[in-house]
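K.L.:
The primary structure of each chain is shown beneath.
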Amino acid sequence: MTFAQAQHGFLSPTGVEIAFLLVGLVTLGAALITVTTRQLVHAALWLVVALGGLAVEYLLLTAEFIAWVQVLIYVGSVVVLLLFGLMLTKAPIGHSPDADSGNRWAALTVAVAAAVALVWVVTDAFRTTWLDLDGPAAGTTAVTGASLFRHWVLPFEALSVLLLAALVGAIVLSRKARADEAAAPAAPAKEGVR
Amino acid sequence: MHLAYPAVLSALLFCTGLYGVLARRNAILVLMSVELMLNAVNLNLVAFDVWLSRTAKDTLHSGQALTLFTIAIAAAEIGIGLAIVLAVYRNRGTSDIDKLRDTAEGPETADPDTEGPGTSAAEKAEAPA
Amino acid sequence: MTTTTLAVLVPLLPFLGAAAGLLLGRTVPGFVRPLAVLPPLASLVLAALVAARQGGDAAVDAHTELTPTGSVPVELALHIDGFAALVAVLVAFVATCVQIYSTGYLRDDPRYPSYAALVSLFTSAMLLVVYSGDLIVLLVGWEVMGICSYFLVGHYWETPEARAASLKAFLVTKLGDVPFLIGLFALADGAGSFRITRVLGAVATGGIGHPTLVALLLLAGVAGKSAQFPLHTWLPDAMAGPTPVSALIHAATMVAAGVYFVARLLPLFEASQAAMVVLAVMAAVTMAGSGLAALAQDDIKRVLAYSTIGQLGYMTGALAVGDRGAAVFHLLSHGAFKALLFLAAGVIIHAAGTNSLAAMSRMHGLRDRVPDAYWTMTVALLALAAIPPFSGFFSKESVLGAAEHVITGHTEHAPGAAGWIVLVAGLLTALLTAAYATRLWLLAFRGRGDEAPDHGRQPLTMTVVLWVLAVPSLAFGALTYRALPDWFDGRALTPTLLTSILGTGLALVGGLITYGAWQRTTALAARVPMGAVAAHPEEDAGLVEAETIATHEPAYGDIAYAADPADPSRLLLGPLRRPAAAGFHLDAVYAALFVRPVQAGARLVRFLDREVVDTYVHAAAALPRLLGAAVRRAQTGNVQTYVSALLAGTVVLAVAVLLVATGA
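Chains as they are written, first to last, in my numbering: chain P, 1 to 194; chain A, 1 to 129; chain W, 1 to 664.
Chain P extracted, bound-state conformation (with noise of 0.2 Å):
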């Protein structure tokens, strides 16, 4: 690695490394307003920022199948559905005062203490990795079908099952919701006396 570092130090970045760099850092501002944000709708706004920034950052990895369907689902299914269930909740609409809870210092001073910790490590072991990203793409859609359809072949069916438990489990979820709140006045009582 001896080699790689002298042709490549931190320095002197290349193209690629300044336009990853400046996606980078506007994926991670969104995030932090994301988390930060006492207005609730906008978090859900500035999510769909971070994410289209991480798809972004995917196809500057050459990761070109990886980054639609994060465009696809994420931003397009994952943070509408997070709207809908923003406003079934009735969240308020424009600055809401108590976004955080009282668990906010302990939160920051467990995340700063992970962050340290996390970038510490990573950069220590991977200062001198370089990812080669010339020659033909590792994502692209016809690499990444045929190695899922090729070795994962079972993961992937099996990860049809869930889909599908998961989307029975939310049917059930909420029309159990909806039977109890039809069928009688018993089961506020019940929940009530706790």
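These are computed hints drawn from the structure, not numbers from a lab.
FRET-style restraints, in silico, Cβ to Cβ: (1) Ala634(W) to Gly145(P): 44 to 52 Å; (2) Leu167(P) to Lys57(A): 32 to 40 Å; (3) Thr128(P) to Val652(W): 25 to 33 Å; (4) Gly93(A) to Arg633(W): 22 to 30 Å; (5) Thr14(P) to Ala634(W): 46 to 54 Å; (6) Leu163(P) to Leu60(A): 21 to 29 Å; (7) Arg633(W) to Gly145(P): 52 to 60 Å; (8) Lys57(A) to Val121(P): 16 to 24 Å; (9) Thr140(P) to Ala634(W): 49 to 57 Å; (10) Val121(P) to Tyr642(W): 22 to 30 Å.
Looking from chain A toward chain P, a few residues come up when the C-beta cut is under 8 Å (computed): (11) His2; (12) Ala11; (13) Leu12; (14) Cys15; (15) Glu35; (16) Val46; (17) Asp49.
Bear in mind the structure is a predicted one, so any value in this text is a computation, not a measurement. Don't be surprised by glycine CBs; every beta carbon is placed ideally from N, CA and C.
Since chain P is already given, all that's left is putting chains A and W on it; use the hints.
P.N.:
This is chains A and W only, laid out in the frame that chain P set:
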């Protein structure tokens, strides 16, 4: 590209999500933070998959496959999670996590007729079961 | 059936009766009375059969070893000689009478089933003591009697007197039992066996080391059980129990066990002159002191209790002069008339509604209310005072004759000093006995004042028993004093002329002096009204008695004493009357010597426990409580807090692992 860039970005994103999980009051914001953490992991997986497939240590593209699986599982998770949050919201009228303290014990929740804190704790533990 | 089988059945039947009574008492109340009366009755028949077969010949010996029990074997052994056969008949006879009497006396008592079962168990234990040929088996019966007496004396446990008396009876007898047990072990160590025959054989060959020490250790147990000075104090207090129980304890069981035990092992005591002298002094102090105390008691049952102590003194006196024939002879005749005295006293207490002689002396016509009790009690008191030809005369004269025998040097068994001590104390006690018997009779039946309350007729079961017991009280001595030596050691029990004249003369003097004193004091009775009467004409006698015991102290200021100027004891005892009533304040001495130091020690221990030991305990509890409070505060129920702590711990662990792995 240095592997350190995606790895450090992934670590920082993960800790950001961690902070959100621990600090946010609204359950849906907590779910968003969980998504951030999952995505940080995904970034890590993709970066390492690129590195390992290039150095021919891994020919299965396991990083990318796992990323896809994670995305799928995250989708399932968000569906189930939202369903749970909605159910809780219907039952309690709130989705604030720090108001869901059934497992807590303390003077405001202890039954007056129980003697020691041990019994009330046991009762409290049983009650939501 | 062989004699051995019959003899085994004698203690077994009352035991089975007791077990059945305890088991069935609640569920099948109809069986309680037959189960109470029939086993002792069957035992009486069998004991009489055993006695007839044994016939005073060579002792019946049988033994079996169930299982090896270590270096010194414990065997189930029977040893039935003339003493055992006759004492067993007496025990079964008195127990039967008491059980029949109790069916009337405790007619409505809710605890009658357990009471009857305990009486049966008591009887069974005493029969075991009587027949046993093994000292450990004997000890089992001995201790079972102790626990039964505890329960029976405390039968009226609602009254504080009964509770205190039962505890006292148990503790005092137990105090004697500890040295007794050590003495038994010393005996077995010397003889290599617990069998009485082997032990006596070892004594004869001088195989027992330190006979004086062993004898004195055994004497402590005997003094406790047989209520001899200085361990006699439990017996007067035990009057807080029901009257039939008193009759049983005083006549046939418990107190007789000690005398009987010494009679069994008399050769051991004879081996030590010092033990014989100690026994004689013990007997003399007991006799004289109890006579004086009996003269001052106000409770009719307490008079009888002290008289029991005195009569037991006669028996130990006879043993001290080495004549166990005389001792057991007196034990038998005393058993009959003392049972009669107590049972008659129970009838009188029921009829008069009080146990106080002071109150009875202010009642007119009590004897007409209970003619059966009046006549039988008169017979029994004459027997007690040893007036010829009643049974007490012959047995007491045999004791005095034995003492005279020793003085004149006709025996090598006992020291002459013991003879003198026993004879002088015995003659003095004859005077005192006659005095208090006369006083009891005069105060109870010659009262002047208001008409005695009418409590209706006494139950037939109670009065019939009195007449049954009156027969041996009247005639037992005269009929048997010639035949009994064949059953015993063969020594003549015929009264000698000199002691007969002296004893009877002194008894007459005592009676006449008391009569004279009574003539002078009785006029005061009308002027000083006294007495509290518990009248429950509809209830059974047990309730009346429990009430009268409970009210004696509030009514008269003392459990044993009433400041009655009309009492002849005022003239007879003079300034001694108050201390005599209190048993010469022996209880106070014990309280100062033992009770207060023990209580002070208990207070010290309590202080140490509360203030010192508990401090450590509290401190040890406080730390976990603090920690618990801290941990409890952490349990907020907020999931995010938990997860924060979890992840913080994870980070710390991860960093630690990294540091270790990199060797930093």
